[in-house]
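Input sequences plus hints: build the corresponding full structure.
Residue numbers (the working numbering), protein chains in the order written: chain U, 3 to 137; chain P, 3 to 137.
Because the hints were derived from the structure by calculation, they are not lab data. No experiment lies behind these values; they were computed from the predicted model shown. Check before you lean on any hint, since a few could be wrong.
Because identical chains share one entry, a pair is satisfied inside a single copy or across any pair of copies.
What the hints assert, rightly or not - Listed next, the in silico BS3-like pairs over lysine-lysine satisfying Cα-Cα at most 25 Å (straight line):
hint : residue 1 : residue 2
1    : LYS28     : LYS81
2    : LYS77     : LYS51
3    : LYS96     : LYS28
4    : LYS51     : LYS15
5    : LYS51     : LYS117
Number of protein chains: 2
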Amino acid sequence: MDLDDRKPVEEGKFAYEGLDRIMHEKARLGILTSLLTEPDGILFTDLKKLCSLTDGNLSRHLQALEKEGLVEVWKGFHKRRPQTLCRLSDEGRKRFVEYLDQLEQVLKDAAAQEKAARKKGKIKRSPIPEGWSPA
Amino acid sequence: MDLDDRKPVEEGKFAYEGLDRIMHEKARLGILTSLLTEPDGILFTDLKKLCSLTDGNLSRHLQALEKEGLVEVWKGFHKRRPQTLCRLSDEGRKRFVEYLDQLEQVLKDAAAQEKAARKKGKIKRSPIPEGWSPA
Numbered sequence: 003m004d005l006d007d008r009k010p011v012e013e014g015k016f017a018y019e020g021l022d023r024i025m026h027e028k029a030r031l032g033i034l035t036s037l038l039t040e041p042d043g044i045l046f047t048d049l050k051k052l053c054s055l056t057d058g059n060l061s062r063h064l065q066a067l068e069k070e071g072l073v074e075v076w077k078g079f080h081k082r083r084p085q086t087l088c089r090l091s092d093e094g095r096k097r098f099v100e101y102l103d104q105l106e107q108v109l110k111d112a113a114a115q116e117k118a119a120r121k122k123g124k125i126k127r128s129p130i131p132e133g134w135s136p137a
Numbered sequence: 003m004d005l006d007d008r009k010p011v012e013e014g015k016f017a018y019e020g021l022d023r024i025m026h027e028k029a030r031l032g033i034l035t036s037l038l039t040e041p042d043g044i045l046f047t048d049l050k051k052l053c054s055l056t057d058g059n060l061s062r063h064l065q066a067l068e069k070e071g072l073v074e075v076w077k078g079f080h081k082r083r084p085q086t087l088c089r090l091s092d093e094g095r096k097r098f099v100e101y102l103d104q105l106e107q108v109l110k111d112a113a114a115q116e117k118a119a120r121k122k123g124k125i126k127r128s129p130i131p132e133g134w135s136p137a
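Right, dumping it as structure tokens:
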């Protein structure tokens, strides 16, 4: 890298403010993606399997998502057995789709970066300048 | 949702094990995407602006990424002023590209889900069964 010939940087270009932390958590991404398919909801017991989560973990994540108004959790009985139904709220669907748009932007940026780097034939890196040392 | 007519669920379908927690953190995603473009590295001062991070936050994230062997941090002087250069390691590039592949899978799944839900004409949700109540 030529330290005298740096491009001006675009402030906040890779800040990704739209990646809502509540939804960005890895397990929650799986939960929300599952729920996106079934507007009527998914039983807790099925959701657990789809996302490979324990009862405790799924409960905690659902609580966090419910507190934000993104999911609804309903309790009832089916064939005399207690059941829990989880589903996206209208607000949750809207916000998750917006989140996904931002995620798509990350992938577009990364793909563009990777392509630009290859084009410059620079995947092989220049040596570190003489006299510099690891931090 | 018809509780008597549920599809069998695919175990772990939305578990996304490949979303490495070290890289998935929102700010780190920005840092890694920035660094992907410049195999020779980016100065700390430029990276900070690109990602809209404070000195302290960027330092902490870089330390975490360095500890995992994903980035290299070099110190040196340029025109008598101390400078810090950050860049992806070969391992970091490889692992971040793998991570991005997994992220792309999330988006593909979500898009498929959304499409399937719309096809069923089900974005408008059925009422919650009689007798069920919020958890």
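Here is what the structure says about each hint:
For the identical chains of this complex, LYS28 and LYS81 are neighbours neither inside a copy (34 Å) nor across copies (44 Å), given an alpha-carbon limit of 25 Å. For the identical chains of this complex, LYS77 and LYS51 are intra-copy neighbours only, at 19 Å inside a copy versus 48 Å across copies, given an alpha-carbon limit of 25 Å. In this assembly of identical chains, LYS96 and LYS28 lie within 25 Å of each other by CA distance both inside one copy and across copies; the values are 19 Å within and 20 Å between. Taking the closest pair of Cα atoms, LYS51 and LYS15 come within 25 Å of each other only across two copies (8 Å); inside a single copy the shortest separation is 38 Å, beyond that limit.
Taking CA atoms no more than 25 Å apart as the test, LYS51 paired with LYS117 passes between copies only; the shortest distance there is 22 Å, against 38 Å inside one copy.
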